[in-house]
Amino acid sequence: MKSKILMSIIVIIFSIVKLQAQDKYITRTGHVRFYSDTPMEKIDANNNEAGSILNIVTGDINVVLLNKSFKFDRALMEEHFNENYMESSKYPKSSFKGKISDLKSIDFKKNGKYTVKIEGTLSVHGKDKQVTSDATFEVDGTKISASTKFTVTPEDFNIAIPSLVKDKIAKMLEVTADMKYEPTKK
Amino acid sequence: MKYGLLTFIALCLMMSKISFAQDADSLLLNSLVDEPTTYSSATFKSTRVINGQSVQNMKANQLDFRIEHRFGPLSGGAYQLWGLDQSNVFFGLDYGITDRIEVGVGRSTYEKTYNGFTKIIILQQSKGKKNMPVTMSAYIGTDIFTLQWPDPTQTNYFSSRVTYIYQLLVARKFNESFSFQISPTVIHENMVQYAIQSNDHFSVGLGGRYKLSKRVSFNAEYFYQIHTNLPGITYNPNSLSVGFDIETGGHVFQLMFTNSQNMFERGFINETTGTWQNKNISFGFNISRVFSFTKK
Chain B
1 MKSKILMSII VIIFSIVKLQ AQDKYITRTG HVRFYSDTPM EKIDANNNEA
51 GSILNIVTGD INVVLLNKSF KFDRALMEEH FNENYMESSK YPKSSFKGKI
101 SDLKSIDFKK NGKYTVKIEG TLSVHGKDKQ VTSDATFEVD GTKISASTKF
151 TVTPEDFNIA IPSLVKDKIA KMLEVTADMK YEPTKK
Chain L
1001 MKYGLLTFIA LCLMMSKISF AQDADSLLLN SLVDEPTTYS SATFKSTRVI
1051 NGQSVQNMKA NQLDFRIEHR FGPLSGGAYQ LWGLDQSNVF FGLDYGITDR
1101 IEVGVGRSTY EKTYNGFTKI IILQQSKGKK NMPVTMSAYI GTDIFTLQWP
1151 DPTQTNYFSS RVTYIYQLLV ARKFNESFSF QISPTVIHEN MVQYAIQSND
1201 HFSVGLGGRY KLSKRVSFNA EYFYQIHTNL PGITYNPNSL SVGFDIETGG
1251 HVFQLMFTNS QNMFERGFIN ETTGTWQNKN ISFGFNISRV FSFTKK
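Just so you know, the protein sequences line up as chains B and L, in that order. Letter by letter, the first sequence follows residues 1 to 186 in our numbering. Letter by letter, the second sequence follows residues 1001 to 1296 in our numbering.
In short, the hints are calculated from the structure, not lab data. Bear in mind that the values here come from a model prediction, so they are computed numbers and not experimental data. For every residue, glycine included, the Cβ atom is placed at its ideal position computed from N, Cα and C. Among the hints, a few may not be true.
[Claimed, not checked] Derived list of chain B stretches under chain L, where covered just means 3 residues or more per stretch with a C-beta under 8 Å from a C-beta of chain L:
no.	region
1	65-74
2	80-93
3	111-122
[As the list claims (entries may be wrong)] Computed, partial: chain L to chain B, Cβ under 8 Å:
no.	residue
4	Gln1062
5	Arg1100
6	Gln1225
7	Gly1249
8	Thr1294
Chain L with its partners taken away, still in its complex shape:
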């Protein structure tokens, strides 16, 4: 009897050792590949939300050739072909020096402005061993307008042409479909229109995207200007844009409706002249083409 019981116990132990071993097997297998930290990627499909910068950078050795186009306002009516007769163009090159550091240059028709910038990813959203709820980038740019001075007899300084832009871009990819970004911005213009105005303009950008399918997303963006109401100064309306991002292999097409006709920060944040209420809505698009220069 006792031997029977003991043999039974021994058999049970043998069996449990075997089945335990099988569970340990799958545990072992999974432990071989479980990544301690997963970093989020593709928060936005492009380096721009619509007009404003997104936290997305070009990866190392990747070049983005961008052409941006804003037509005239729909309020122009049939005679102006609802704005299609007018156009404002921007073209630029964005380049990733490393996965986190990007530089770029560009040129806009508006005031014949050249701009240059660097965008650096400071924090990357991640989950797991290292938890980071947001991706945060710093954007530092300069723009210089090269339009001829209206009065050449006056003493005109070159420095008056220069504007500096500082942005902190904070974005979160909430899930595969939805990402949201806040962009507090400071724009310092060396020369402003009114003497009593400060040279510093503060604003906050709010932007987001909702993925409709694997390759198409709906984007929206609003820049709210924070200004102290000074007498005698009319402030420009805030920039509001909505649009779609369509990704096709190496290109990203961003189609939009916006009240801003200019495509660099000072141009659309501070110097938007139209409003949605007055139907000063322009159709526009951004085309981004990525080239890869990897050493193999």
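Isolated chain B (complex conformation):
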């Protein structure tokens, strides 16, 4: 009797562990880009070291990245971004914590492209902002890719633009994210 109960407990625990392993997909090389276009200046920053976890059962999406990993064409622009605008030594990371709103519309067992809405909180420069955006999920066997695009402003995150350079930075910044998820190996 006791051994039967013990066995059933062990089975329950193992099944939980197994389920969790299949829930989560991660990437360490997520791509996040922000872009500003003005007649005076083009700013194109790319971060190819974003980390993200996607939970296909709950629809939770978490993205974290190091601000210092944003690469610019011009080293001086990168230095000014880190020193004067993002203040990366005070705020080393930016993150997104959100969910796929209509999770049921994606069948993760079936290959194909799915368009959904994601919503969540974007935390940059010490400030949070609610963001909703359309996202495209592509399922290809055990690989899941996701991409999204939305706009934010520097004011949303208390990033001060001095009047001297305000013509060089667009009012709206275009943010793009591409993630290629792989299942977590357990």
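Please build the complex by placing chain L on the supplied structure of chain B, with the hints as guidance.
Only chain L this time, still in chain B's reference frame:
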């Protein structure tokens, strides 16, 4: 009873597994981006502390066009417009070959001197997996004065015009506001004024900056000359400078008050003639404009 207890334990284990999983989640997420080593950057806003070199280099494919200007001393009074009537000019180009190796050339009005140098970052301050408390650079330069010889009938050697400068620049960015640098220097002049003098001049530079805002810092610099007191030789005063660095996008403006009117190492370290006590203080500025040549 026993089943109840066992079910309860099983439920507890299930719950703890779930909450443990959530903590593991954030740990996992953070581990994905934690950088093992963070290198410090922007120890100084410019490649010069004030007169002397700083550990800051131009990054690869970046060109710095510098114009430096020192007016005459304030002690000149109203007639000389407190020094504004006189001027000493330097202009130069500093170029980053790689992020760690920089070369530069320049020309000063003082003795019509041309100079060239290379500055190499040997150690970079970092924290984390690799810990390095300081940034250390080596500076090797040459200057050649092209002023005509006062006595052309005498045998004048070209080599007498040449001076070599060797500096070790050691700096630490203590925090976002404060950086400090020590620059032991050896200047070898091929021709010196007095026969009993050594051709080698030793000095130590002390410089620092304190950031007042994101784009403005207060800088100060002092070069202490180490010399053995030889009879009959008067040594020049040490160079002391204070000023502000103002950064505006692609330019860095360095405004200063200094007792040195010359802008290359031999000129300000060894050949400063004025003193702060005698109000031989000159207002001056450095303007640095950075151009980027990145292949895209």
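Tell me the hint numbers this structure goes against, listed in increasing order. 3, 5, 6
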